[in-house]
Structures are given as C-alpha cells and as structure tokens.
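Residues -8 to 290 in the working numbering are what the sequence shown spells out, letter by letter.
If you're looking for bench data, these hints aren't it; they were derived computationally from the structure.
Wrong hints could be hidden among the right ones.
Claimed, not checked - Okay, the calculated beta carbon distance ranges per label pair:
id: 1; residue 1: L69; residue 2: D151; range: 41 to 51 Å
id: 2; residue 1: L106; residue 2: H175; range: 36 to 46 Å
id: 3; residue 1: A130; residue 2: Q28; range: 54 to 64 Å
Backbone N, C-alpha and C fix where the C-beta goes; we use that ideal spot for every residue, glycine too.
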Amino acid sequence: MTDIDLRLLRFFVTAVDCATFSAAARELGVTQPALSQGVKRLEDLVGAQIIDRSPQGSARPFRLTPVGQLLYDDATELLARAGSVLNRARANATRTVLRVAFGTSTPSALIEPLLALAGKREELDLQLHFMGWGDEYDALLRGDVDMIFTHSVPLIDDPDWITTAVARVPRVAVFARNHTLAAHPHLTMSDIEDEPIVDALADRDFWIVNPRPSGKAPRTVGPRARSVDEMLTFVATGTGMGITCRTVAEKHAWPNIAYVPIEDIEPTDVFTVRRAAPPGTPSAGFFAAYEARCDGLLP
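All chains should be built: construct the whole structure from the sequences, respecting the hints.
As structure tokens, then:
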C-alpha cells in the first residue's frame, strides 16, 4: 500500500480552492514549478489525471476531472481530520493528568464533585482508577496514582504526604437474610459480641472491629475476604456476619443479605491521601479546592 503524502494532498486542495496554480503557489509559499510537480506526483500516485488544465496559461482557472473531484472531496475531509488530530494532541500535551484511586466503599457523593470540578478545568485530565482492598496505598507509593480514598487510618508519617478527612460514613452489620438478627431495625456492638465475623485480608482490625468496645477479640471465620464481593458472598452463604460501611449497603443491595445499622460504633472516616505538590501547580490547587468542597458534604 502506498503511503499518503499529506503535503501533496494539501497542494492539490489549495490549487483547487484558489482556482489557479499561480494563486495557490502564493498561498502555500512555494514556487509554481514546485506546486505543479507536486500535483503531477499526486496524479502519478493516483494513476489518472485529476486536473483538466487550461491550455491558456497557469493564471486561468482549471477544471477537475471526475477522478479529481472524488479525490478533492476525500482529501478535504482527510486534511480536516488530520488537523483536528494534531490540535487535539497539542491540547492534551499541555494538560496535567491527575489519577485518583477509589474503591467499592468510596461514597459516590465524593466522586461527583471531583468530576464536576475537573470538568471546569480544561488544563486537567482527571482519570479514575478502581482499586481493590489494600491496593490503594501500594499504588500511591509506586506513583501509579496521585490521590487515593481510604477508610482506614492512614499510616504514612511523612510531611510530603497530605491526609485529609473528607467524610464520615455510618457502619452497618451484614447478615444472611435468614439470620435471626437480620430483621432488627438496629443493633449495638453487644448484640453481635459473640457472632462469628468473616475475616478480612486488608485493614483487618479496622473492618472486624478488633478489639471490640468490651475489650474482647472478635471470633473470626475464614477464609479471609480479599474484596467486598468475597465478604458479601461468605456472609450470604452463612459463613459469618460482616461489618462494613453504609456506602457498601447502598451499592450492593443483594436479595440474600441484610444490612442493619450499628448504633454505638463510630462512623468510619473517609480520607484522601496524596503527595504534596509544589504550591501553584495545577494539581495542588485542584486537590485543595476539592478537599475544601467536600467539607461537610457528608454527615
């Protein structure tokens, strides 16, 4: 297949638009012989005459052959497309990419203002990345993402990292639908003191509430859940109960499980964690504006 030389197509389209070779040469900033040779080269590639040249001189208008008219229509569209491709590439070359990791338990109410704020900043390209349990910190430390949402208390003790509490979400107990506690309107931690709970692989003590307010350690059952879906599946099969946040209940309304509010346990805090960016940079200003916007967004 012969490669298409966009320069030859531009010579041809400009010649047609200007109606004469002399005017087209001035428009393109080339010599008239160079323009004529370019159009002739294009005809050689096509294998047919595309311009019915006037015998009265280069300053007189010419006509297109049927093949030339077809080529002109296609070339005009192709050149316009090529221009838009370059313009889009140039625009994106100057945009700052911001990558944010979220998980199943990240409230949608925190994602919506993030997208809305990014939509007003043409210089930013916001990319959302879903992360499984326990994967977000590793991704942040590797530099795969610029900010994460997390429910566990951040463990990064470094002034180069900024941690901000952006929301509080109530916690709920999760039971198989036929469990005796599933029909209760609400529960306390003492109500579930002796209930076996599905063990967790990531942020274990936080999600199984260890130790309990009574000082006891929960009675865990395995295998350890590696994701929200695994935990809910184990609960649904009667392996044990679970403790999660209301966001999970809102996103995973399974017919064979029930969520019951826990009255006497602190809500879980949702944090953003990110590396501090130099003041005045697009990312620093954007994330600071977002965190300020989240203040008081959720109870």
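Taking the hints in turn, this is what the structure says about them:
The given range of 41 to 51 Å is respected by L69 and D151, whose C-beta atoms sit roughly 49 Å from each other. Checked against the hint of 36 to 46 Å, the C-beta distance between L106 and H175 comes to roughly 37 Å, which is consistent with it. For A130 paired with Q28, a C-beta distance near 56 Å keeps the hint of 54 to 64 Å intact.
Every hint, counting from the list given before, is met by this structure.
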